[in-house]
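Undergrad: Read top to bottom, the protein sequences are chains A and B.
Here the first sequence stands for residues 1 to 193, numbered as in UniProt numbering.
Here the second sequence stands for residues 1 to 266, numbered as in UniProt numbering.
If you're looking for bench data, these hints aren't it; they were derived computationally from the structure.
Predicted model, so just to flag it, every value in this text is computed and none were measured.
Backbone N, C-alpha and C define an ideal beta-carbon position, used for all residues, glycine too.
Treat the hints with caution; some may be incorrect.
[Claimed, not checked] With a Cα cut of at most 25 Å, we get these calculated PhoX-like pairs of lysine-lysine:
| hint | chain 1 | residue 1 | chain 2 | residue 2 |
| --- | --- | --- | --- | --- |
| 1 | B | K163 | B | K105 |
| 2 | B | K163 | A | K166 |
| 3 | A | K186 | B | K127 |
| 4 | A | K87 | B | K96 |
[As the list claims (entries may be wrong)] Some chain A residues flagged as far from chain B (calculated, every beta-carbon gap over 10 Å):
| hint | residue |
| --- | --- |
| 5 | D32 |
| 6 | G43 |
| 7 | F62 |
| 8 | N66 |
| 9 | N81 |
| 10 | A83 |
| 11 | G108 |
| 12 | E177 |
| 13 | K186 |
| 14 | G190 |
The lines below spell out each chain.
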Amino acid sequence: MNSSAKSPTTKLCFVTVGATASFHGLLQQVLDLHFLATLSQFGYTHLLIQYGRDGRSVFETFLANNPSERHGIIVEGFDFNTAGLTKEMYRTRADHERGTGLVVSHAGTGTILEALRLGVRLVVVPNPDLADNHQEELATVLDKQNYVIRSSVQNVAKAIARAESKKYRSAGPSSQEAAYTSAALKDQLGFLD
Amino acid sequence: MAFTFPWGLLGVILVSAALLGVSTIAILILALTISHNTAVAKCRPKHTPAHLLVVLGSGGHTTEMLSMLDHMELDQSLYTYRTYLVSSGDSFSANKAVEFENKHKPDAPATAHTNSYSVVTVPRARKVHQSYLSAPFSTLECFWACLLVLRGLHPDQPRLPGKFTSPYPDIIFANGPATAVCVMLAAKLLRFLQCIHRFFSRSQSPRIPRLRTVFVESWARVRNLSLSGLLLLPVADRFFVQWPGLGGRRAWWGMQKTEYVGWLVL
Chain A
1 MNSSAKSPTT KLCFVTVGAT ASFHGLLQQV LDLHFLATLS QFGYTHLLIQ YGRDGRSVFE
61 TFLANNPSER HGIIVEGFDF NTAGLTKEMY RTRADHERGT GLVVSHAGTG TILEALRLGV
121 RLVVVPNPDL ADNHQEELAT VLDKQNYVIR SSVQNVAKAI ARAESKKYRS AGPSSQEAAY
181 TSAALKDQLG FLD
Chain B
1 MAFTFPWGLL GVILVSAALL GVSTIAILIL ALTISHNTAV AKCRPKHTPA HLLVVLGSGG
61 HTTEMLSMLD HMELDQSLYT YRTYLVSSGD SFSANKAVEF ENKHKPDAPA TAHTNSYSVV
121 TVPRARKVHQ SYLSAPFSTL ECFWACLLVL RGLHPDQPRL PGKFTSPYPD IIFANGPATA
181 VCVMLAAKLL RFLQCIHRFF SRSQSPRIPR LRTVFVESWA RVRNLSLSGL LLLPVADRFF
241 VQWPGLGGRR AWWGMQKTEY VGWLVL
């Protein structure tokens with residue numbers, strides 16, 4: 001059924017729920033046969049999940065009940081990585097015959113910035129349990145400007161389909177803006193003309 | 001003899017307390033407005049070294065700050081001394097600061113490098129989940145520690161290299177964390193006291209600008225300023241924002257506005 005044994009082509013979806021706050025809602029949405037079927041439909045072969053400090057039991061229970069022969073997706077996971085997620089994110093980008101993979105992430109600023117720097121395709125899912133609504137605002141404006149796709153927890157599977165046809169905008173480095181700020185800093189020193 | 005309550009005296013006390021309160025606020029607003037509208041005195045001789053104080057803080061602030069500094073490519077021959085301010089218990093930020101310094105190490109011998117920066121730890125202004133009842137006390141504690149740092153008296157601080165004639169940092173650069181509020185208010189207080197002192201000593205010679213403050217609102221803030229940002233709006237000498245919707249804001253009429261500069265952190 002799955003050709004991954006013969007052919008080396010892979011298409012990876014990497015899901016990160018964040019290291020600090022738990023985000024079981026997102027974990028439950030992606031550890032779901034409907035979500036896996038959607039992945040399969042769009043040619044994905046692998047699902048990698050960073051499930052956080054307290055997500056291990058949810059993850060392992062699902063894996064035990066749903067071996068990969070049943071849905072055709074190879075599911076792997078880890079709790080968190082103190083060295084950052086650059087490597088995992090980068091794995092989704094590698095140009096394969098099946099097309100570029102995808103990162104699904106909580107709305108943490110650090111993760112979003114890292115994804116934009118690497119130029120990976122990103123779906124941002126704000127955590128509704130967190131009181132801070134500025135994460136929500138950030139995700140919305142980045143979606144509007146086509147840098148990412150913003151999705152609610154319930155509609156993550158639909159976001160996979162949307163990501164397939166989305167024209168992602170890539171963000172350039174901040175060098176020009178930073179040079180302006182750097183000059184502003186120097187202005188404050190009051191050097192003689 | 002019957003005791004009559006001295007209503008007249010109480011009235012006098014209340015009125016003078018109110019007057020004192022109102023005039024304090026008026027002086028504060030006036031001082032902040034004057035300070036905000038005074039141009040930087042251009043009296044620093046060329047090629048004098050500068051001392052930069054960078055405020056780090058957990059919750060993404062450190063990562064944003066260091067990537068910003070990375071892009072800003074600050075002139076190492078100008079900012080020859082850097083102080084990194086971190087909150088207690090935040091070893092992540094302290095390590096990142098050292099990592100950053102090592103990455104940007106000039107080709108000079110290592111011995112010359114060790115005395116070009118320091119990492120100073122101050123008490124946290126408000127811990128996550130700390131009650132708002134005890135927060136004012138820990139904020140005061142943080143403020144006091146910041147005053148010590150600015151005056152070069154904090155135990156974590158080694159002696160500044162000899163070419164620095166003042167313990168005061170020249171520029172304080174920060175983004176969101178609560179420590180930024182403490183250190184920038186402390187800087188403003190020191191500048192105010194300096195100004196009063198100059199007034200009474202009738203000093204006329206221009207003073208080299210020090211303790212200047214530059215604040216950058218976090219990239220994650222799109223439509224609303226953070227609490228730190230709101231508090232520092234009338235305080236910071238330059239206030240940069242990274243989303244257009246936050247540009248042009250000011251604390252009150254006659255104050256400098258926030259400047260939209262685009263993304264600094266990518």
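Undergrad: Does A83(A) really sit off the interface, with its C-beta more than 10 Å from all C-beta atoms of chain B?
TA: 12 Å, holds
Undergrad: Is the claim that F62(A) lies outside the interface with chain B correct, judged by CB distances over 10 Å?
TA: Given that every Cβ of chain B is farther than 10 Å from that of F62(A), nearest at about 30 Å, it holds.
Undergrad: Is it the case that G108(A) keeps its Cβ farther than 10 Å from each residue Cβ in chain B?
TA: Check fails; 7 Å does not lie beyond 10 Å.
Undergrad: With 10 Å as the threshold, tell me whether K186(A) passes as away from chain B on beta-carbon distances.
TA: 7 Å, violated
Undergrad: Just double-check D32(A) for me: nearest Cβ-Cβ distance to chain B has to come out over 10 Å.
TA: Since the minimum Cβ distance to chain B is about 29 Å, D32(A) lies beyond 10 Å and the statement holds.
Undergrad: Does the no-contact call for N81(A) survive, Cβ to all of chain B over 10 Å?
TA: 14 Å, holds
Undergrad: Would you assess whether E177(A), listed as outside the interface, keeps its beta-carbon beyond 10 Å of every beta-carbon in chain B?
TA: About 4 Å separates E177(A) from the closest Cβ of chain B, which leaves it inside 10 Å; violated.
Undergrad: Decide if the proposed pair is consistent with the structure: K87(A) and K96(B), CA atoms, cutoff 25 Å inclusive.
TA: 19 Å, holds
Undergrad: Take a quick look at whether K163(B) and K105(B) sit within 25 Å of each other, Cα to Cα.
TA: 20 Å, holds
Undergrad: Need the status of pair K186(A), K127(B): alpha-carbon distance at most 25 Å?
TA: Violated - the C-alpha atoms of K127(B) and K186(A) are around 33 Å apart, more than 25 Å.
Undergrad: Please check whether the beta-carbon of N66(A) is more than 10 Å away from every beta-carbon in chain B.
TA: Non-interface label on N66(A) holds, nearest chain B Cβ at 35 Å vs cutoff 10 Å.
Undergrad: Given the hint that K163(B) pairs with K166(A), does the C-alpha gap stay at or below 25 Å?
TA: Distance ~57 Å between K163(B) and K166(A) Cα, so the pair is violated.
The structure fails to meet hints 2, 3, 11, 12, 13 and 14 from the earlier list, while all remaining hints are met.
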